[in-house]
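Following the hints, position chain B against chain A.
Take a look at the letters that make up each chain.
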Amino acid sequence: MDKVLRINFKPDPEVTTEAPGDYAGLGGRALTSKLISTEVPPLCHPLGPENKLVIAPGLLSGSAAAMSGRLSVGCKSPLTGGIKESNAGGQPAQVLARLGYNAIVLEGKPAAGKWYTVVINKDGVKIVPADELKGLGNYDTVDKLRANYGDKASYISIGQAGEMKLGAASIACTDVELRPTRHCGRGGIGAVMGAKGVKAIVLDDSGCKTRQPKDPDKFKAANKIFVKGLASHGVTGQGLPAYGTNILANIINESGGYPTNNFQTGRFKGTQKISGETQAELEESRGGKGSASLPCHRGCVINCSGTFYDKDGKYVTKQPEYETVWAHGANCGIDDLDAIAQMDRMDDDFGLDTIEMGATLAVAMEAGLADFGDAKAAIKLLQEVGDGTPLGRILGSGAAVTGKTFGVERVPVVKGQAMPAYDPRAIQGIGVTYATTTMGADHTAGYAIATNILKVGGFVDPLKPQGQIELSRNLQIATAAIDSTGMCLFIAFAILDQPETFQALLDLLNSFHGISLTGDDVTALGKDILTREREFNQAAGFTKSHDRLPMYFQREKLAPHNALFEVTDKELDEVFNW
Amino acid sequence: MKYSTGNCGDLPIGLTLQQGVWVEIPDTVTASTVSGFISHLLNVTPQEFTEKIKTIMVNNQVVDAPESTPVRSGDTLILSGAMPGLVGAMLRCDSPIGVMRASITASGAAISTNSESGRVRIKLFNTVLRDYGEQLLKYGFYLEETAS
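Going down the list, the sequences are from chains A and B. Each residue of the first sequence is one higher than the one before, starting from 1 at the first, in the working numbering. Each residue of the second sequence is one higher than the one before, starting from 1 at the first, in the working numbering.
Only chain B is shown next, with the shape it has when bound in the complex:
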C-alpha cells in the first residue's frame, strides 16, 4: 500500500477516488460516528454536511442516522450528493420512502469486513467528489497497489 498526499502524480484522480482510497482514523475520532469522521476528514460544517452529503453507505448498507452510526477500522464508506430517480430518492439518508430499501439499510451497528487496523476505505462520488476531492488530497490517503 502506498501513501500519497498533496498530489497523485499521473493518477486519474477522479477515477481513483471513485474506486476508493484508505485513510487513517485519527485517535481522536476512532470509534466515532459517521458524521464525526466525515466532518473531520473533509472539514465540513454541520450545515454543509446536511446540505451536500445526502447519501451515505457503510459496507454497502444505507446509513439513515450518520450521527449515531459508528465508523470502524476496515469499513468502506461511500459519500454521495443527492441522487435522481425513485431508487436514488430511496437511498438518501432518512428518506421518507426508505422502507422500500429496508433490506439494505444499516442497522446502526455496522459490521467490519476487513481486519486492517486504523484505516477506513472511502469512496467519493459526483458532487461530493467535485466539492471535497481536493480536501481528501490534502488529508492524504493510502492506495492499494495492484499486481502488474
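Extracted from the complex, chain A is given alone in its bound form:
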C-alpha cells in the first residue's frame, strides 16, 4: 500500500493519487483519526464540503494474515458531532489493500442531485453516474452492480438512509457471498457518504497479488501459530463458531445487565427464545448453506457468523449479531427471532445501524408509538424509515432526536449515540467507557482485553484490585492501537489467555513490515490516537459535561440488583488524565 486516493467533488469529481506522506505506516483507525484531526475543521457541519470521509484498510489487510479484514471509515459524525471511526468486516478491506491504497478520501460536495459510483481496479479509478441506483436499498444496489462489474469485485454502498443523510445511516460492505451484510454502522457515517454523492464504490482486484511480507518465512510461521492459537481457544475455537456473538444473551441477562424495554429493567423474560443457543438450534434445524457457521471475509478462521433462513428455507439475512438481537429483541420486548431477523434485513437494506435503530424503536415505544413486544408495529415503524416518511426521517435520525421529538426523558445515549446491549448500572465498568470514549456510547471502544499481556497503558496486576477508571483507560488505549491493525477484535480473547498467540500477532506485524514493534510503541500509538480524537472533540465544542451518562442512570434503580450508576464525575474526569 503506497498511495492515497482523493476524490474531490467541487462540485464535479476530481481524482488525484498521492503518496501517503505523513500517513505512511498507519492503517485503520490510526490513519482515519489522524487525517480527520489534521484536515477537517472541527467546527464544520458534518454534511458540509469541509468534512471528509476516509476509508482505510488495516496494516495487515490484503496479506495472508488471518483475521486481517476489518475496514475503518472515519469522518466528523453527524450523530455525535465529534470524530468518528466505525469499522466492519466483509471483503472490501482485503481488496482495497491489494489494490495498493492506504486510503480513499472523499472530499468536497457534489452538485445537487448528482449521484456517483466510484469504480477502482488495477488500471485506475473511474467515476460514473449512479442515477440508476438512486433510491435503491443495498441489496438491489449490489445486485445491479454485480450485473455490471461481476462477482469477483467487492462492493461498498449506502441505502436509502444514507441518501437521505439520516443520523443512523450506515455504510455496507459485501461479504464473501456478495451480500451487503457487513456494516460500518455507528455514528451516521452513511450520511456523510451520501453528502458526498457517492452511492457505491466498486473494488476489483483482478490481476493484483496478495501483499507480500518483508520476511516471508517468519511471517508464515507466525501466521501458523496465530491460527492454531485461535482454533484452540474456548471463545474463538468453540463458543463463537457454534453460537455466534449472541452466545452472550443468556449470561448478560442472568447478570441483570440485559437492557429490557428501553433500559427499564435488566432482565428479559423471553431471553431463552432469542438466545444464541436457541438461534443456533433454529438455524441448524432449518438448514441451508452456511446456516450455522460462516466467515464474514476470506482469511477469517473464527467463523462467528451464519445465515438466517425463514421456515420455508428462503434467505432472510446473515445471522443476526448479539447487539442486533438485543436491540430489536429484549430492548423492544420482542422474543420472536423471525421478526428480529426481518428487522436486521431491513436495517441492512435501508443502510441503518442496528444498535441505533433498535434503541430508537424502544424510545418510540416508550413514547407510545407502539407497545413493547409488538413486533408488527416495530417492523412498520422501521419501514417508515426506508420509505422516508416524515416520521421515518425522525426515527432514522436516531434515539436522541426521537426522544427529543416525542418528549421522552429515558433516552440511553452518550454524545448523541445510543448505548449498546449492556446496562451500565449492573456493569459499572462498561459505563465508564460509554461515558468517556471519544466515539459516543460504544462497547468496542474499550474492548481490547489484552491489557495484561500487552502491558499497554500500564500493567494490571490481577492480584491487586485496580480501579475501573484505570482499566477503562488502559483498555481504550489498547483498543485504539488494535483498531489500527485491521485485525478483528475477537482475536483479543486468545491473546488474553495465550501469550504465544499474542507473540504471534506481534511477529506477524513485525515480519510483514520489517519493524520491531514493542509494547511501548503500541502504548504510544494508542495514546496518540486518543489524544488526537480528544483534541478534535474539544475543538468541536465538547467539554467534561459530555463525558457523562444521562442522569436517570443515577436515579432509576435497575432490577434485579436495584443498581444505580455510582461512578463519580470526578472519577470519570480522570480517565484521560495522562
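A couple of the hints might just be wrong.
In silico negatives: residues of chain A with every beta carbon more than 10 Å from chain B [stated by the list, open to error]: (1) 43; (2) 115; (3) 143; (4) 291; (5) 574.
Pairwise CB distance ranges (calculated) [what the hints assert, rightly or not]: (6) B:26 x A:368: 52 to 60 Å; (7) A:39 x B:133: 27 to 35 Å; (8) A:545 x B:133: 25 to 33 Å; (9) B:26 x A:270: 27 to 35 Å; (10) B:67 x A:559: 26 to 34 Å.
Worth flagging that the hints you see were computed from the coordinates, not collected in a lab. From a predicted model like this one, the values you see are computed outputs, not experimental measurements. Ideal placement from N, C-alpha and C gives every residue a C-beta, glycine not left out.
Relative to the frame of chain A, chain B by itself:
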C-alpha cells in the same frame, strides 16, 4: 413440580435447560461448594472444570472462587463456557478485569432467595449445555409446572 430422568419426552430440552431445572442436593454435598457440587452433578474432573466452565453465577452474582463459594438450598446456579466481548471477559471467574463488574460479584457468602429445601435451580448455557446437558438428563431433575 414434576420429576424427570433419562428423557424429557417432547420437551425442547435445550430451551428447558436454559430456563432452568431443579436438582436435588445429595446429603454428601449439602452445604458444599460450587465446585464440589458441579463436579458431582456433571461428573467433571478438576481439569475439565477449569477448562470448560469459565463463567459461574449464583443468584445473579458472578463467582470468582467456586472452590470456596457455598451452594445452598434454593440457590440458582448458572454455568457457561467462555464468553466473547469485553463484558463476557469481565464475567469470567477470576477475570483480570473483574473489578469492572465489582457490584455484581458474589461476596463469597451467597444469599438464598428461595426457601424450598434440598434443591438447587441450575441453568446450563452454550458449550456447557452442549457438553453436559446429557449428564444432567441422566442425573435427573425437577421441572416447574406452568399454569395452563
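Verification of the hints:
1. 43: Consistent with the label, residue 43 (chain A) stays out of reach of chain B, its closest Cβ about 33 Å off (over 10 Å).
2. 115: holds, 38 Å
3. 143: holds, 33 Å
4. 291: holds, 16 Å
5. 574: Holds, because the least Cβ-Cβ distance between residue 574 (chain A) and chain B comes to about 15 Å, which exceeds 10 Å.
6. B:26 x A:368: 52 to 60 Å: holds, 53 Å
7. A:39 x B:133: 27 to 35 Å: Given range 27 to 35 Å: violated, Cβ gap about 56 Å.
8. A:545 x B:133: 25 to 33 Å: Since residue 545 (chain A) and residue 133 (chain B) have Cβ atoms about 50 Å apart, the given range 25 to 33 Å is violated.
9. B:26 x A:270: 27 to 35 Å: holds, 34 Å
10. B:67 x A:559: 26 to 34 Å: Distance hint for residue 67 (chain B), residue 559 (chain A) holds at roughly 30 Å.
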